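Trainee: Sequence:
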Amino acid sequence: MIKNLETVHLRQWKMIGVFLVLQFVFFGCRTNPPEPQVHAPGQDLQPSSMKKSDLAGTWEFRDENGAYCLTLNREGHGVYEWQEGRLVTTRLDNGRWQGKWYQTKNDREGEFDLRLSPSGNQAEGRWWYTRIEDNHSPTQSGGRFALIQMPCSPQVEHSVPSTPPGEDQRHSQSSATFVAPE
0 MIKNLETVHL RQWKMIGVFL VLQFVFFGCR TNPPEPQVHA PGQDLQPSSM KKSDLAGTWE
60 FRDENGAYCL TLNREGHGVY EWQEGRLVTT RLDNGRWQGK WYQTKNDREG EFDLRLSPSG
120 NQAEGRWWYT RIEDNHSPTQ SGGRFALIQM PCSPQVEHSV PSTPPGEDQR HSQSSATFVA
180 PE
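Position 57, counted from 1, in the sequence shown is what numbering that gives the first Met the number 0 calls 56; the numbers after and before it change by one each time, with no gaps.
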């Protein structure tokens with residue numbers, strides 16, 4: 000009987016031991032997920048390590064015709080005043096920033112492809128049309144542009160024309176060209 004009692008106690012201790020080992024394995028190896036890194040203004044990032052959330056903030060769009068403000072959220076999506084524009088980031092990988100743009104007011108849309116600077120707060124590249132009104136294969140070319148992450152000055156904020164240029168002007172075919180402030 001004593002031998003049976005010792006066997007029962009031994010089995011209980013084995014079960015407790017197994018239970019504790021499983022607890023250590025399950026809970027002891029668990030780690031908390033890493034805290035998201037927040038991109039502080041002025042902090043340089045390597046373009047290869049950037050995430051869409053690093054694009055959040057105000058960017059100044061510049062091309063040969065002027066400049067305007069673009070505000071992006073943590074997904075890299077944003078809006079701009081010209082022609083009720085909207086920008087959508089579709090890919091950010093190894094310093095390459097790609098996306099689409101849409102303009103409701105003049106019924107145009109297209110895509111863009113940018114290369115980020117080593118600091119990650121500037122980008123240069125090109126844009127092109129994918130649709131102009133009912134034409135889904137437009138032949139009009141796009142253009143080159145630059146983005147700089149910075150607060151927009153009042154002059155830039157007001158450089159967007161209040162009314163679209165006339166159809167006889169070169170700007171009417173542009174998705175994101177503006178009259179420079181006077």
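No wet-lab data here; the hints were simulated from the structure. Computed from a prediction, not measured in an experiment: that's the story for all the values here. Backbone N, C-alpha and C fix where the C-beta goes; we use that ideal spot for every residue, glycine too. The reader is advised that the hints may include incorrect statements.
Unchecked claim - Listed below are the simulated DSSO-like cross-link pairs for lysine-lysine, each with C-alpha atoms no more than 30 Å apart in a straight line:
no. : residue 1 : residue 2
1   : K13       : K50
2   : K13       : K51
3   : K51       : K104
Said to hold, decoys possible - Between beta-carbon pairs, the in silico distance windows are:
no. : residue 1 : residue 2 : range
4   : E63       : R90       : 56 to 64 Å
5   : K50       : K13       : 15 to 23 Å
6   : G142      : T103      : 26 to 34 Å
7   : R73       : R10       : 20 to 28 Å
8   : S52       : D133      : 32 to 40 Å
9   : G142      : R90       : 17 to 25 Å
10  : N72       : Q11       : 53 to 61 Å
11  : D133      : R73       : 14 to 22 Å
Trainee: Now tell me, hint by hint, if it's right for this structure.
Mentor: These are the hints, each one checked on the structure:
no., hint, result
1, K13 to K50, "violated (49 Å)"
2, K13 to K51, "violated (51 Å)"
3, K51 to K104, "holds (27 Å)"
4, E63 to R90: 56 to 64 Å, "violated (26 Å)"
5, K50 to K13: 15 to 23 Å, "violated (49 Å)"
6, G142 to T103: 26 to 34 Å, "violated (20 Å)"
7, R73 to R10: 20 to 28 Å, "violated (55 Å)"
8, S52 to D133: 32 to 40 Å, "holds (37 Å)"
9, G142 to R90: 17 to 25 Å, "holds (21 Å)"
10, N72 to Q11: 53 to 61 Å, "holds (58 Å)"
11, D133 to R73: 14 to 22 Å, "violated (35 Å)"
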